[in-house]
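Residue numbers (the working numbering), protein chains in the order written: chain A, 438 to 880; chain B, 438 to 880; chain C, 1222 to 1705; chain D, 1222 to 1705.
It should be emphasised that the hints constitute simulated quantities derived from the structure, not laboratory data.
Keep in mind that the hints are not guaranteed to be accurate.
Said to hold, decoys possible - Partner residues aside, some chain C positions facing chain D, computed with beta carbon under 7 Å:
1. 1229
2. 1234
3. 1278
4. 1281
5. 1295
6. 1644
7. 1653
8. 1686
Said to hold, decoys possible - The calculated lysine-lysine pairs, modelled on DSS-like cross-linking and capped at a C-alpha distance of 25 Å, are:
9. 1616/C x 1656/C
10. 1388/D x 758/B
11. 1616/C x 1667/C
12. 758/A x 1387/C
13. 1409/D x 1388/D
14. 839/A x 868/A
15. 1616/D x 1656/D
16. 758/A x 1414/C
17. 1656/C x 1681/C
18. 1656/C x 1671/C
19. 1681/C x 1590/C
20. 685/A x 1243/C
21. 1387/D x 1409/D
22. 1409/D x 758/B
23. 1572/D x 1243/C
24. 1590/C x 1610/C
25. 1243/D x 1572/C
26. 1590/D x 1484/D
27. 1656/D x 1243/C
28. 1610/C x 1667/C
29. 758/A x 1409/C
30. 1414/D x 1243/D
31. 1679/D x 1667/D
32. 758/B x 1414/D
33. 1387/D x 758/B
34. 1388/C x 758/A
35. 1387/C x 1414/C
36. 840/B x 1529/D
37. 1671/D x 1610/D
38. 1590/C x 1529/C
39. 1590/D x 1529/D
40. 839/B x 868/B
Source: prediction; values computed, not measured.
Positions of the beta carbon are idealized from the N, C-alpha and C atoms, including for glycine.
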Amino acid sequence: MRYLPHTEDDIALMLEAIGATDLDELFAMIPPQCRKDGELRIPGPLTEWELERTAQELAETMGAGRDYVVFLGAGSYEHFIPATIRYLLGRSEFTTSYTPYQPEISQGTLQAVYEYQTLVSRLLGMEIANASLYDGASALAEALLASVRITRHDRVAVSQALHPHYRQVAETYLQSTGFEVVELPFDGDGRTDLSRISGEKGFAAVAIQSPNFFGCIEDLQRAANLSHDTGALLVVSFSEPLAYGLLKNPGSCGADIACGEGQSFGVPQSFGGPGLGIFATRMAHVRNMPGRLVGRTRDLDGNRGFTLTLATREQHIRREKATSNICTNNSLCAVAAAMYMASLGGNGLRSLASMNRDKAEYLKRELASAGFSPRFSAPTFNEFVVQAPSGFHQAYERLLEKKIVAGLPLAGYYPELDDCYLLCATETKSKADMDALVREIRS
Amino acid sequence: MRYLPHTEDDIALMLEAIGATDLDELFAMIPPQCRKDGELRIPGPLTEWELERTAQELAETMGAGRDYVVFLGAGSYEHFIPATIRYLLGRSEFTTSYTPYQPEISQGTLQAVYEYQTLVSRLLGMEIANASLYDGASALAEALLASVRITRHDRVAVSQALHPHYRQVAETYLQSTGFEVVELPFDGDGRTDLSRISGEKGFAAVAIQSPNFFGCIEDLQRAANLSHDTGALLVVSFSEPLAYGLLKNPGSCGADIACGEGQSFGVPQSFGGPGLGIFATRMAHVRNMPGRLVGRTRDLDGNRGFTLTLATREQHIRREKATSNICTNNSLCAVAAAMYMASLGGNGLRSLASMNRDKAEYLKRELASAGFSPRFSAPTFNEFVVQAPSGFHQAYERLLEKKIVAGLPLAGYYPELDDCYLLCATETKSKADMDALVREIRS
Amino acid sequence: MKDFPGANGLVLNERLLWEKGKPGRCGMSLPEADVDPVPMDENLVGEIPDWPGLSEVEVVRHFTRLSQWNYGVDSGMYPLGSCTMKYNPKINDQIAALNGFAHAHPLLPALLSQGALRLMHELGLLLAEITGMDAVSLQPAAGAQGELAGMLILFAYHRSMGKPRKKIIVPDTAHGTNPASAALCGFKPVGVKSGPLGILTPEAIAQIMDEDTAGIMVTNPNTLGLFEEHIQDISEIVHGNGGLVYCDGANMNALMGRGHVGKMGVDVLHLNLHKTFSTPHGGGGPGAGPICVTQSLERFLPVPRVVKDGDRYSLSTDYPDSIGRLHGFYGSFAVMVKAYAYILSMGPLLKQASNLAVLNANYVKARLKGVLDIAYDRPCMHECVFSDKLQRSSKVTTLDIAKRLIDYGFHPPTIYFPLVVSGAIMVEPTETESKEEIDLFIEAIKSIVKEAEEDPEKLKQAPRRTKVRRLDETSAARNPCLTG
Amino acid sequence: MKDFPGANGLVLNERLLWEKGKPGRCGMSLPEADVDPVPMDENLVGEIPDWPGLSEVEVVRHFTRLSQWNYGVDSGMYPLGSCTMKYNPKINDQIAALNGFAHAHPLLPALLSQGALRLMHELGLLLAEITGMDAVSLQPAAGAQGELAGMLILFAYHRSMGKPRKKIIVPDTAHGTNPASAALCGFKPVGVKSGPLGILTPEAIAQIMDEDTAGIMVTNPNTLGLFEEHIQDISEIVHGNGGLVYCDGANMNALMGRGHVGKMGVDVLHLNLHKTFSTPHGGGGPGAGPICVTQSLERFLPVPRVVKDGDRYSLSTDYPDSIGRLHGFYGSFAVMVKAYAYILSMGPLLKQASNLAVLNANYVKARLKGVLDIAYDRPCMHECVFSDKLQRSSKVTTLDIAKRLIDYGFHPPTIYFPLVVSGAIMVEPTETESKEEIDLFIEAIKSIVKEAEEDPEKLKQAPRRTKVRRLDETSAARNPCLTG
Ligand SMILES: Cc1ncc(COP(=O)(O)O)c(C=O)c1O
Ligand SMILES: Cc1ncc(COP(=O)(O)O)c(C=O)c1O
């Protein structure tokens, strides 16, 4: 087997050095009752060529690639990824290294993550960002837990217009802690109704997403004021960071924590994972921050260098008192994002963000003309909810056969939004794609 | 444009430093009549995404990839290429460097090519090999020219069973030199009839291919004896070096020059190019060798290192007296071959070569049972010629529609081989593939 | 040091991104606009983020240079204990990058995601067979999230029994994520010392296991590289007190085809696909930390789960007892693809992988005996823990030895972990290292130990070959500079 | 030297392949045998070649380490004159690797190769438009083979005129391949000196052009980076004497959208796709050297040629006057794909590429004036030739300056070429270098020139940072060791 270098000779010599007669003897300490009987009943070994074919056959069943036109967003966004990123990220010095515990031979990862932390902070208008969390969902959970630590309150308020999966993950994380989660409803224009918190006290955090799950842009400034009035931190979640290439960022609106999903920045969708959990906050909260941090420092000769820092927050030092249990994070995805942000630059980001919105606005208008009226009136970025004529679900199935996925039916998430669909149009959707969708819907 | 870094400011500052007022002024020395009028009338600029789509559309028209079963050889062979090679060869330190004129920062390419030279020499049983030529065809031409330089004779004998394209290229190279090319016919068993040279003198080289264009294994030992008797060098050409994983190699049979195509060793077929021109010979002929050579030496500190050497044979030093005009060769393909040879190892090579022959023998036998008798009786490696029942060309077209390419019709190359087909089966053809071909042929 | 890989050479400096570039440059191709721009409410529009503008070649050079400052498994031996830095096959990366996988939207209708769902389903079955457990969830995004999932299952189980419990037993050799995960779930970790042989004794467990203790988190083989030989007895004690046994399976690379975790009495187990199953670590993730449970705990597994009906696959959230959702979608799918590819490539040879991993570790141990102190001189499994005890007289520490190894061209082992061994040096060669490579590593250690005696300053000053030397971590933490 | 890219760092030694490995190891997956083995005649069977056996990770590490000893365009500025080391876009490599291209057999029926044929056809048309020539063959595998094709066309032309000619004019600035290609084709190169301005004078040509001279090989812009301003007059003289004008177009990067080679009177031109059209050099190839001809010479182009009939493409060899075949198949198809992708990516902006290439070269020239001697101080095109003249007093040579640049982290310029400038230093920045990068290069040169005065030994001993220092090329040539 090409991955196993040992020849028979090698094994014999090594056993001799150890003083064992055979390989079995090395496992003598495993009590007989704990042993695996017989051989593993698994297929293979497959040759590289059989494997490749098997995998291709599986991959080809997927509704992905050039033949499909997919108007899905809802937390996973189809964006173009430059060939440079695919190449650079594939360099094995990045892919096959461990967490940079030995900074002298990890400066590549360390500098790249430091750059990621910086560019993400600038995007979100926050002072600092960590080196990544798993995804947008766990980032929300971590933000709520951090808020509890910071404020010492034990209730959090979470918008119902926040991604349902993120809310579910937050509940999973919080279920055994005893902290209470209060849900804030959304109003007719698709934005969070904050009236529930005004005047109330004892919230650790108010968490809203912008653009929210419906694609609607929330009034972050107002949310910040109301949150701070109640003594809560404002946690701004997001699933589409590209929006902040155009919109006012959480920091400038007064957010205390901005956390969300960074998949849009150069990370392939990959059926939902890995994602990139972004977590940014103010310097004041750094010691309550979950996850790894890269910091700048100097070496013995006074040269600039980078290292993991403030590890005393982390599990390997603080163990049960750590700010989070996270260890392995999504570092390579953060590096991908650094590459993506570096490729795009500020002006490129603005252009791309504007284009996303323009496409979605075009689709919104065209759909409206076909009888699919926007369900909410708030402004949106690259996705939005429409109310479909009843009976559209049959047409939806027909469109699937034509390799068009006409958005996400929302009934499963919000029973009250029966016949509503969430559609997303990024820069990958051409006018022709959108016209074809509308034409098919009309027909 | 992402490839052009200059901002307007940069351009202005640089023009100022030069003392020019605008970019046009930089081209003032081009006489007006020599200038291009107007803008270039070419499409684009295409975005990366438009380009990708355009290219994919072109690529998808090709009879290549998993859906097609192609029994073509004839100088280009479908072999599996490990994913490691694709990755390693794509590392930009290998791809984006120039010819290693500065050895101190080119040791990677230099050592890899030195390893290529060594492993190729060992394969072919020759003392030395150069750093590569363009392809098997020009390697033959260079071998004939080298033979003329070495022997000072002005005739060469070339087997008609040598790849027709290689012979044509040799003729192109020789057409203006006045050297005579004598063709040696092949006999009924598919091997070169050498009787024409026996007793004759004045040949610089006798060139035969083994396995030859018909897949037949030539009697190299006998060819060497006869060639040497006439005072000629024996030039052994090949298009499938994998054969020497199983067969006696040219060196051990007495060849003076072994030259051929190395595409089989890890180089994608790529519609015929780039290939890898292999050229190996004996040390005695080194100063008559065409092309670059990498040699081992020491650096100022006595450490082992590698450098281009014996450049006094080459055009950049010797100009019109050089052994060849070649400059840029096919270095990256040589490095691919080094990677492939390293991956396979001696035992792997033998197994793979045997498997190639076994597959071809199986196909030969199955085809024979379906009425396609072998046209020649000589032993073969992974390709062979069959005589098809007349009228098979219609079935051949029908098979194309089923995405099966049933070999190469030879009538265009050898009118006397009307209704003959050259079929190749490498390790990429499964028994099922071959059975399907035979079933289809029968039906 | 002629024969060791470490050497001096040219590397290239590279500034920070924002010390480069010019506004107006862009290194990425933007699609043509084909719809009209729609003006946006001015009140909503923010400033353009202050990101530098770079051309494509500037981006490429930047990250190419950065990459060259890193050391990976592809650079050389990486005997980082507890991390299983085995070779990461390239074909697996290529397969995960197939269009159908890399560009699939997670919310595609089941009809259009059969391949991915099937792969996940089959990977679950494969992991069940390899571990001997009954049911698997692939959702956790890394080992620590697997632990959290496991702790939540313990929590849910006890809640379902009507008796929530507060404590959990965590041995002193446990990885930091264990107590952290337990605490995150509201459990109070109760420490237990390993016995004189480096493994847990049933007596110690019996002493602290009580009706308010939810169970135990045991790592097997433990972080000393030793098999917990009393695991069955321990499980019995824990079960006897109504508790559950959680096993941290990060070290599964020792046990494939050899150990049957189910039979050990383990109720919940997490695996690290980015260790045992060869998926690349990526400089710190992404990983994947599937959890495997016994049949009776299956109902608690996270949702959604892949279900198979005939030959159709779909996702189901219809598990009322589930601990809920842990990931925005289904976990690190791309990582699962690589692990799946690895398992199929190895097939039953996974057992031989474990054989050789254990052989390599014992060989290192045998050959370094007397050179470095061995914390517990007993047959080890896939890794072996040394310490700097013998070097203390020369005032040389584990850190110095580790840093000096860098100059020799090797990645250092894990150091100062597990905490129970003072100055621990934890070596895990993995099965993909050849005897020759290991012999060279052994020679390097011997040579360093000799240097420690003869010229300790060489170690104190190490590494000297690297682009940067030892970094001032104290000032990094005292005056944190986390963004530029 | 703080701000320059050159720095010291850790690199890893790596033995030769056969100093590693063990027989019995194999680093490649072999397919399962699914047919019976057929025994082979013993007399035909040879020995197994003595290739080392390595595991996959050994192969990967070997070539990963080797790669790290190389410097490429992706590492930094590579101002290698005459070589046009511009950025090689990654997307182009990816496109050439598409299954339909990379795995296409060259002898597929035309029906199954329309995409490749169309691409070749269109690339020919694009190159014709860019150069202003009438017809194109993509077959030559590199520049030198393009030259050979061109020379053969001159040969065939004169033969077709009934009067074979023996000589060809080759200026002293010509690249070595020019006389070598001419000689290979049986022509006797006749030298001609460039005039005092570094360019050819009509007078000099008139003096030697005669009825036995097949034509001239002119490089435009020439290897001094100067435009041959009298090209039209020269063409007229050559044509007037029945000769043809061959142009070496390796320097076409100066002229896109600016010059019209056809109007200059050129009959045959070769291009280097691996220079002007951004395809990577691969450490010395593969390249592609298309030739472009005027209509009247089209009939001589190599076969096969792609022909278009309606919207179907096919290959034709039906050109009785053709010089014949030059390549086993159709040339470096994969290289053509990359060039095609590049041209479409740039579109009419190719002109701006030439604009900026010329701007960059003139900027270097302006800024280094007085620092290094400028061989011909006139407006240059895409490159500029300096020399070590001003440094001779300090006994420092071009070689020393070049080697010292390596320590600064830059690839050296082309040195000692063209031969007409003693100690030539030929700088071609290309358009993909930013002003900042070029400024840094200029500072490096200035700093080195200062060192040459103050501490010449620094240059003599350079490079010091690299893994190996200057190599003993004399002994390499005297006792050649070409295989191990
Ligand atoms: C023994 C052990 N348990 C748990 C973990 C945590 O795994 P992860 O880093 O994937 O969260 C690790 C990883 O270092 C480990 O070594
Ligand atoms: C001016 C000039 N002509 C011709 C050539 C030869 O091109 P190639 O190396 O592709 O054969 C070169 C390449 O160095 C060159 O610079």
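Structure-based check of each hint:
1. At about 6 Å, the closest approach between the beta carbon of residue 1229/C and any beta carbon in chain D falls short of 7 Å, and the interface hint on this residue holds.
2. Below 7 Å, beta-carbon pairs count as interface contacts, and residue 1234/C has one with chain D at about 5 Å; its hint therefore holds.
3. Hint on residue 1278/C holds. Least Cβ distance to chain D is approximately 4 Å, under the 7 Å limit.
4. Annotation: interface hint on residue 1281/C holds; nearest CB of chain D at approximately 5 Å, less than 7 Å.
5. Proximity of residue 1295/C to chain D holds as hinted, the smallest CB-CB distance being about 5 Å (cut-off 7 Å).
6. Contact between residue 1644/C and chain D, as hinted, is not supported at the beta carbon level, the nearest pair being about 25 Å apart and thus beyond 7 Å.
7. Because the closest C-beta pair between residue 1653/C and chain D is about 5 Å apart, less than 7 Å, the hint holds.
8. For residue 1686/C, the shortest C-beta to C-beta distance to chain D is roughly 4 Å, which falls under 7 Å, so the interface hint holds.
9. In summary, the hint linking residue 1616/C to residue 1656/C is not supported, as the alpha carbons are separated by about 31 Å, beyond the 25 Å threshold.
10. Proposed proximity of residue 1388/D and residue 758/B is supported: the alpha carbons are some 15 Å apart, at most 25 Å.
11. Distance hint between residue 1616/C and residue 1667/C is fulfilled; the C-alpha atoms sit about 17 Å from each other, no more than 25 Å.
12. Using a Cα cut-off of 25 Å, the hinted pair residue 758/A and residue 1387/C holds, with the two alpha carbons roughly 16 Å apart.
13. Under the criterion of a C-alpha separation no larger than 25 Å, the hint pairing residue 1409/D with residue 1388/D is consistent with the structure, at around 5 Å.
14. Annotation: proposed proximity of residue 839/A to residue 868/A holds, straight-line Cα distance about 17 Å (limit 25 Å).
15. Taking the CA atoms of residue 1616/D and residue 1656/D, the gap is near 31 Å; set against the 25 Å cutoff, the hint is violated.
16. Of the supplied pair hints, the one linking residue 758/A and residue 1414/C holds, its CA atoms being roughly 19 Å apart against a limit of 25 Å.
17. For the hint linking residue 1656/C to residue 1681/C, the alpha-carbon distance of about 29 Å lies beyond 25 Å, and the restraint is violated.
18. For the proposed pair residue 1656/C and residue 1671/C, the alpha carbon gap of about 22 Å is at most 25 Å, so the pair holds.
19. For the hint linking residue 1681/C to residue 1590/C, the alpha-carbon distance of about 24 Å falls within 25 Å, and the restraint holds.
20. Taking the CA atoms of residue 685/A and residue 1243/C, the gap is about 23 Å. The hint holds against a cut of 25 Å.
21. For the hint pairing residue 1387/D with residue 1409/D, the CA-to-CA distance comes to about 6 Å; that is within 25 Å, so the pair holds.
22. With a CA separation close to 10 Å, the supplied pair residue 1409/D and residue 758/B stays within the 25 Å bound.
23. Between residue 1572/D and residue 1243/C the CA atoms are separated by roughly 22 Å; this keeps the pair inside 25 Å, and the hint holds.
24. Between the alpha carbons of residue 1590/C and residue 1610/C the distance comes to roughly 13 Å, so the proposed pair stays at or under 25 Å and holds.
25. Restraint check: the Cα-Cα separation between residue 1243/D and residue 1572/C comes to about 22 Å, which is no more than 25 Å; the hinted pair holds.
26. Distance hint between residue 1590/D and residue 1484/D is unfulfilled; the C-alpha atoms sit about 34 Å from each other, more than 25 Å.
27. As the CA atoms of residue 1656/D and residue 1243/C are separated by approximately 10 Å, the hinted pair is consistent with the 25 Å bound.
28. In summary, the hint linking residue 1610/C to residue 1667/C is supported, as the alpha carbons are separated by about 15 Å, within the 25 Å threshold.
29. For a cut-off of 25 Å, the pair hint linking residue 758/A to residue 1409/C stands: about 10 Å separates their Cα positions.
30. Among the hinted pairs, residue 1414/D with residue 1243/D is inconsistent with the structure: their alpha-carbon atoms are about 59 Å apart, more than 25 Å.
31. As the CA atoms of residue 1679/D and residue 1667/D are separated by approximately 14 Å, the hinted pair is consistent with the 25 Å bound.
32. With a C-alpha separation of about 19 Å, the suggested pairing of residue 758/B with residue 1414/D holds against the 25 Å cut-off.
33. Straight-line distance between C-alpha atoms of residue 1387/D and residue 758/B comes to about 16 Å, which keeps the hinted pair within the 25 Å bound.
34. For the hint linking residue 1388/C to residue 758/A, the alpha-carbon distance of about 15 Å falls within 25 Å, and the restraint holds.
35. Among the hinted pairs, residue 1387/C with residue 1414/C is consistent with the structure: their alpha-carbon atoms are about 20 Å apart, no more than 25 Å.
36. Proximity of residue 840/B to residue 1529/D is assessed by CA-CA distance (about 24 Å); at most 25 Å being required, the pair is judged to hold.
37. Between the alpha carbons of residue 1671/D and residue 1610/D the distance comes to roughly 14 Å, so the proposed pair stays at or under 25 Å and holds.
38. Note on residue 1590/C and residue 1529/C: the hinted pairing is violated, with a Cα-Cα distance of about 52 Å set against a maximum of 25 Å.
39. Taking the CA atoms of residue 1590/D and residue 1529/D, the gap is near 52 Å; set against the 25 Å cutoff, the hint is violated.
40. Taking the CA atoms of residue 839/B and residue 868/B, the gap is about 17 Å. The hint holds against a cut of 25 Å.
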